[in-house]
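A.B. asks: Sequence:
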Amino acid sequence: MVDTFDALAHPARRALLDELRMGPRPAGELGASLDISREAVSKHLRLMAESGLLIVETQGRQRIYAINPDALAAVDTWLVPYRASWDQHLDALETEVARGRRDTDRLSSNRHPFSKGA
Numbered sequence: 035m036v037d038t039f040d041a042l043a044h045p046a047r048r049a050l051l052d053e054l055r056m057g058p059r060p061a062g063e064l065g066a067s068l069d070i071s072r073e074a075v076s077k078h079l080r081l082m083a084e085s086g087l088l089i090v091e092t093q094g095r096q097r098i099y100a101i102n103p104d105a106l107a108a109v110d111t112w113l114v115p116y117r118a119s120w121d122q123h124l125d126a127l128e129t130e131v132a133r134g135r136r137d138t139d140r141l142s143s144n145r146h147p148f149s150k151g152a
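The opening position of the sequence shown corresponds to residue 35 in my numbering, with each subsequent residue numbered one higher.
For the record, the hints were derived by calculation from the structure and aren't laboratory data. We put the beta carbon where it would ideally sit given N, CA and C, even for glycine. Hints may be right or wrong, so weigh each one.
Pair by pair, the computed Cβ-Cβ distance ranges are [to be verified]:
#1 96 / 39: 38 to 48 angstroms
#2 139 / 109: 14 to 24 angstroms
#3 133 / 113: 48 to 58 angstroms
#4 89 / 112: 12 to 22 angstroms
#5 48 / 98: 18 to 28 angstroms
In silico SDA-like cross-links for lysine to any residue, where the CA-CA straight-line distance does not exceed 20 angstroms [claimed, not checked]:
#6 77 / 42
#7 77 / 90
#8 77 / 92
Model the full structure from these sequences, guided by the hints.
C.D. replies: Written as structure tokens, this is what we have:
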């Protein structure tokens, strides 16, 4: 069985997932923008469904695919500690950028002491 991370590893599968962000769609409407065969699209969709990333519903002769939010929630949960680490780094960077702007503003005002109504 393929896990969610394996299913997300291939760029074509991520592109199919992007197509499903707006809601469920029939298999025939998916993958038109990809430069791969219909058979390859079907294979990717099947693998994504087997991994639990997609939910498949049969309506007549159509297979309707939708994102399984529980699978994405599991990925999001796994990302939490990484996100926290990046948030700390980005906060530190934001502090340094603000400090640099203050220093630049201070230097600019010191260079032109008579520019304000002299």
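A.B. asks: Each hint should be assessed against the structure and marked as holding or not.
C.D. replies: Quick rundown of the hints versus the structure:
Checking the proposed 38 to 48 angstroms range against residue 96 and residue 39 shows it is violated: the Cβ atoms sit about 29 angstroms from each other. A beta carbon spacing of about 42 angstroms between residue 139 and residue 109 contradicts the range 14 to 24 angstroms that was offered as a hint. For residue 133 paired with residue 113, a C-beta distance near 29 angstroms fails the hint of 48 to 58 angstroms. Distance hint for residue 89 and residue 112: a CB-CB separation of about 20 angstroms, consistent with the stated range 12 to 22 angstroms.
Range check, residue 48 to residue 98: Cβ separation about 20 angstroms, and the 18 to 28 angstroms hint holds. Restraint check for residue 77 and residue 42: the C-alpha separation of about 14 angstroms stays at or below 20 angstroms, so the hint holds. Among the hinted pairs, residue 77 with residue 90 is consistent with the structure: their alpha-carbon atoms are about 14 angstroms apart, no more than 20 angstroms. This hinted pair checks out: residue 77 and residue 92 have alpha carbons roughly 17 angstroms apart, not beyond 20 angstroms.
In this structure, the hints that do not hold are numbers 1, 2 and 3, in rising order.
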